[in-house]
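Student: Sequence:
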Amino acid sequence: MILLISDLHLEEERPDISRAFLHFLQTRATQAEALYILGDFFEAWIGDDAMSPFQRSIAQALRRVSDGGTKIYLMHGNRDFMIGADFCRQAGCTLLADPTLAQLNGEPVLLMHGDSLCTRDEAYMRLRRWLRNPLTLWILRHLPLATRHKLARKLRKESRTQTRMKASEIIDVTAEEVPRIMAAYGVKTLIHGHTHRPATHPLLVDGAAAQRIVLGDWDKQGWALLVDANGFQQHAFALS
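Per my numbering, residue 8 is the first one in the sequence shown, and the count goes up by one each step.
Simulated from the structure, these hints should not be mistaken for laboratory data. Worth double-checking, as some hints may not be accurate.
DEER-style ranges, computed between Cβ atoms [stated by the list, open to error]:
1. 140 <-> 93: 18 to 26 Å
2. 132 <-> 30: 33 to 41 Å
3. 146 <-> 93: 13 to 21 Å
4. 20 <-> 188: 28 to 36 Å
5. 216 <-> 240: 15 to 23 Å
6. 137 <-> 207: 32 to 40 Å
For lysine-lysine, the following DSS-like pairs were computed, each having C-alpha atoms within a straight-line distance of at most 27 Å [said to hold, decoys possible]:
7. 227 <-> 161
8. 227 <-> 164
9. 195 <-> 78
Even glycine gets a Cβ: it sits at the ideal position worked out from N, Cα and C.
Please take these sequences and the hints and turn them into a complete structure.
Tutor: Laid out in structure tokens, this is it:
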């Protein structure tokens with residue numbers, strides 16, 4: 008079986024989520040062939056050189072599962088796009104591009120974080136292009152740690168303020184963008200997170216039946232998508 012999760016937003020201020028994730032690793036993830044984490048794994052990430060003891064402990068927990076035989080794949084989200092090779096080495100995971108075409112149960116499936124699908128949010132898309140520019144990333148990684156911490160706090164505060172002010176359809180995926188990118192990759196299943204709106208949406212791609220599966224965020228409960236011989240099944244579970 009294969010497991011997919013996203014949007015845990017791990018941080019020391021939410022020990023309930025961290026405990027639930029560690030339990031998830033020790034129980035369900037150790038039984039899986041692969042675990043895919045599709046972005047916003049951490050609430051914030053300002054560079055591998057700034058890893059806190061808490062973040063290192065998460066890396067060590069992932070490494071134990073990886074050493075046990077479960078393949079672990081990690082994709083950047085909009086909160087942790089500066090995760091780099093050093094963290095992945097410590098965690099024993101493989102960093103995926105966004106989007107990535109994966110084979111799940113013999114079917115080509117497109118995996119994304121999901122923020123790049125929100126094309127109606129033009130201000131965010133401009134910010135995203137600027138932040139993901141290789142030159143910008145190089146500059147950010149070479150700023151003093153104190154400056155990076157300050158900038159991260161500022162961006163998080165602004166993001167929360169703007170999200171509250173924007174209409175819900177602006178911060179959701181653009182309906183027309185979904186079949187366009189699915190057709191471009193030749194898939195009938197797209198899996199993403201980011202919107203915190205877990206659901207399976209049937210749609211048509213080039214006239215054929217398709218589906219968009221939105222992963223749930225870990226907040227009041229946890230979510231995991233199970234892929235096995237029975238297909239795609241997403242379940243919620245208590246954090247306690």
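Student: Next step is simple, just say for each hint if it's right about the structure.
Tutor: Now for the hints, and whether the structure bears them out:
| no. | hint | verdict |
| --- | --- | --- |
| 1 | 140 <-> 93: 18 to 26 Å | holds, 21 Å |
| 2 | 132 <-> 30: 33 to 41 Å | holds, 37 Å |
| 3 | 146 <-> 93: 13 to 21 Å | holds, 18 Å |
| 4 | 20 <-> 188: 28 to 36 Å | holds, 35 Å |
| 5 | 216 <-> 240: 15 to 23 Å | holds, 18 Å |
| 6 | 137 <-> 207: 32 to 40 Å | holds, 33 Å |
| 7 | 227 <-> 161 | holds, 25 Å |
| 8 | 227 <-> 164 | holds, 21 Å |
| 9 | 195 <-> 78 | holds, 24 Å |
The earlier numbered hints are all upheld by this structure, with none contradicted.
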